[in-house]
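S.K.: These two chains come separately, so use the hints to put the complex back together.
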Amino acid sequence: QQPVQSPQAVILREGEDAVINCSSSKALYSVHWYRQKHGEAPVFLMILLKGGEQKGHEKISASFNEKKQQSSLYLTASQLSYSGTYFCGTKAAGNKLTFGGGTRVLVKP
Amino acid sequence: GAVVSQHPSWVICKSGTSVKIECRSLDFQATTMFWYRQFPKQSLMLMATSNEGSKATYEQGVEKDKFLINHASLTLSTLTVTSAHPEDSSFYICSAPTSGPSSSYNEQFFGPGTRLTVL
Numbered sequence: 001q002q003p004v005q006s007p008q009a010v011i012l013r014e015g016e017d018a019v020i021n022c023s024s025s026k027a028l029y030s031v032h033w034y035r036q037k038h039g040e041a042p043v044f045l046m047i048l049l050k051g052g053e054q055k056g057h058e059k060i061s062a063s064f065n066e067k068k069q070q071s072s073l074y075l076t077a078s079q080l081s082y083s084g085t086y087f088c089g090t091k092a093a094g095n096k097l098t099f100g101g102g103t104r105v106l107v108k109p
Numbered sequence: 001g002a003v004v005s006q007h008p009s010w011v012i013c014k015s016g017t018s019v020k021i022e023c024r025s026l027d028f029q030a031t032t033m034f035w036y037r038q039f040p041k042q043s044l045m046l047m048a049t050s051n052e053g054s055k056a057t058y059e060q061g062v063e064k065d066k067f068l069i070n071h072a073s074l075t076l077s078t079l080t081v082t083s084a085h086p087e088d089s090s091f092y093i094c095s096a097p098t099s100g101p102s103s104s105y106n107e108q109f110f111g112p113g114t115r116l117t118v119l
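Here the protein sequences come in this chain order: X and U. Sequential numbering from 1 applies to the first sequence in our numbering. Sequential numbering from 1 applies to the second sequence in our numbering.
Hints are supplied without guarantee of correctness; some may be wrong.
Reference excerpt, derived from the structure (chain X facing chain U, CB under 10 Å, subset only) [what the hints assert, rightly or not]:
| # | residue |
| --- | --- |
| 1 | Gln36 |
| 2 | Gly39 |
| 3 | Ala41 |
| 4 | Phe44 |
| 5 | Lys55 |
Listed below are the simulated DSS-like cross-link pairs for lysine-lysine, each with C-alpha atoms no more than 27 Å apart in a straight line [what the hints assert, rightly or not]:
| # | chain 1 | residue 1 | chain 2 | residue 2 |
| --- | --- | --- | --- | --- |
| 6 | X | Lys96 | U | Lys41 |
| 7 | U | Lys14 | U | Lys41 |
| 8 | X | Lys37 | U | Lys41 |
| 9 | X | Lys96 | U | Lys55 |
| 10 | X | Lys26 | U | Lys41 |
| 11 | X | Lys37 | U | Lys20 |
| 12 | X | Lys96 | U | Lys66 |
| 13 | U | Lys41 | U | Lys64 |
| 14 | U | Lys41 | X | Lys108 |
Calculated from the structure, these hints are not laboratory results. Model, not experiment: these values are computed from the prediction. Glycine residues also receive a C-beta, built at the ideal position from the N, C-alpha and C atoms.
For reference, chain U alone in the conformation it holds in the complex (with noise of 0.2 Å):
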C-alpha cells in the first residue's frame, strides 16, 4: 500500500509553546490530506482537511486558530498547535487517500502518528 510518513513521532513540550507535526505521502502524490485526534481508548476524531493550495476545512468544535494547517507541496502537509495546553495532549495521524477520479472510492492510509504530550 501507499506509504505516509509523520514527524516526529512523539513529542513533549511545556504548556504555551508551540508544536509542529508534518506528514508526507513518500510515493503518491496527495492534493488532500486529513488531521486526525484520538484519545486513549476512543475512536479517530477528523480535526481538519488539508487541501494543497487552499486553506483547510476544520470540523466543527475545532479551532483553526489553535490548530494550524499548511499544505504547502503535494506531498507535504503540517500541522502546528499552537500555545499547547495539557488538554492537547493526543495521539495525532494524518491520512491521505491515494489519487483517483473519485476520492470517495480511493483507498485511504494512515500515517504513524505523533504522540504529543504537554506539561
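Bound-form chain X, shown alone (with noise of 0.2 Å):
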C-alpha cells in the first residue's frame, strides 16, 4: 500500500523553512527520500533505518518516528534549488520499495 504524503503542493519564499510527511499502514524497515527535477529521474536524498540510523546529504534532515511509522523532511532556509517534486518511499517487509503521491515545493526569489 502507498504511504501517504502531505502537503501535496508548497511554495515558499528563499530562506523560508518547510516539512513533507510521510505515513504509512505498515511497519517499516526503512524510508527513503527523493527530489525529483521536471523530466529527471529521482535524486536520492536520504535513507532513515529503523532502529535510528541516517544516511544521505549533509544539508537534508529527516525524522523516522518507527511507532508510528511517520517520517518528516525538513528543508531549513530553503534556496531556489530545492525546488521540485519530493518522494518519500517505504520498505516494510521484503525488497519493494513503494512511494508516496508526492510533493510538489516551488521557491521563489
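M.R.: Given below as C-alpha cells:
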C-alpha cells in the first residue's frame, strides 16, 4: 500500500522553512527520500533506517518515528535549487520500495 | 552515491514495434534491479523486480508477456516493451539498491530514465 504524503504542494520564499510528511499503515524497515526535477529521474536524498541510523546529504534533515510509521523531511533555509517534487519511499518486509504521491515544492526568490 | 545508467534516454517508435531499454549499475553489483513507470505528474509505480539469474517478479496488473525483463549479469538488466502502443508511452526508470546484508536497509539509486513515445 502506498504511503501518504502531505502536503501535496507548498510554495516558499527563499530562506523559509517547510516540512513534508510521510505516513504508512505498515511496519517499516526504512524510509527513503528523493527529489525529482521536471523531466529527470529521482535523486536520492536520504535513507532513515529502523533503529535510528540515517544516511544522506549533510544539508538535508529528516526524522523517522518508528512507532507511528511516520517520517518528516525538513527543508531549512530553502534555496531556489530545492524546488522540485519530493517523494518518500517506504520499505516494509521485503525488498520493494513503494512511493507516496509526491509533494511539489516551489521556492520563489 | 552509486551510479546507475540507462540507455536510451529517449525513444520514439511506431505502434506495434518493440523497444529495449538497458539499465546498468556502473560501480556496484546489483543482484536485484527494479523497473518503475511514471506518467506525467504522477508518482513512480513499480512494474517489476528483476533478479539476476532468475525470473522477474511482476506487480499486479503488469503484463509479463508485454514487458519482458532479462537480468543477464550482476550489472545489467533490460526491459523490452513488446508490441508497443500509444498507451505505453511513459517515463521508464530503473533502480538498484546497493549491496549489503539486508536489502531493506540499503540505499536505492535511480537511473536517468527513458522517455518512450509510441506513435
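S.K.: Now look at each hint and say whether the structure bears it out.
M.R.: Results for each hint:
no.: 1; hint: Gln36; verdict: holds (8 Å)
no.: 2; hint: Gly39; verdict: holds (8 Å)
no.: 3; hint: Ala41; verdict: holds (4 Å)
no.: 4; hint: Phe44; verdict: holds (6 Å)
no.: 5; hint: Lys55; verdict: holds (6 Å)
no.: 6; hint: X:Lys96 x U:Lys41; verdict: holds (22 Å)
no.: 7; hint: U:Lys14 x U:Lys41; verdict: holds (24 Å)
no.: 8; hint: X:Lys37 x U:Lys41; verdict: holds (11 Å)
no.: 9; hint: X:Lys96 x U:Lys55; verdict: holds (16 Å)
no.: 10; hint: X:Lys26 x U:Lys41; verdict: holds (25 Å)
no.: 11; hint: X:Lys37 x U:Lys20; verdict: holds (25 Å)
no.: 12; hint: X:Lys96 x U:Lys66; verdict: holds (21 Å)
no.: 13; hint: U:Lys41 x U:Lys64; verdict: holds (25 Å)
no.: 14; hint: U:Lys41 x X:Lys108; verdict: holds (20 Å)
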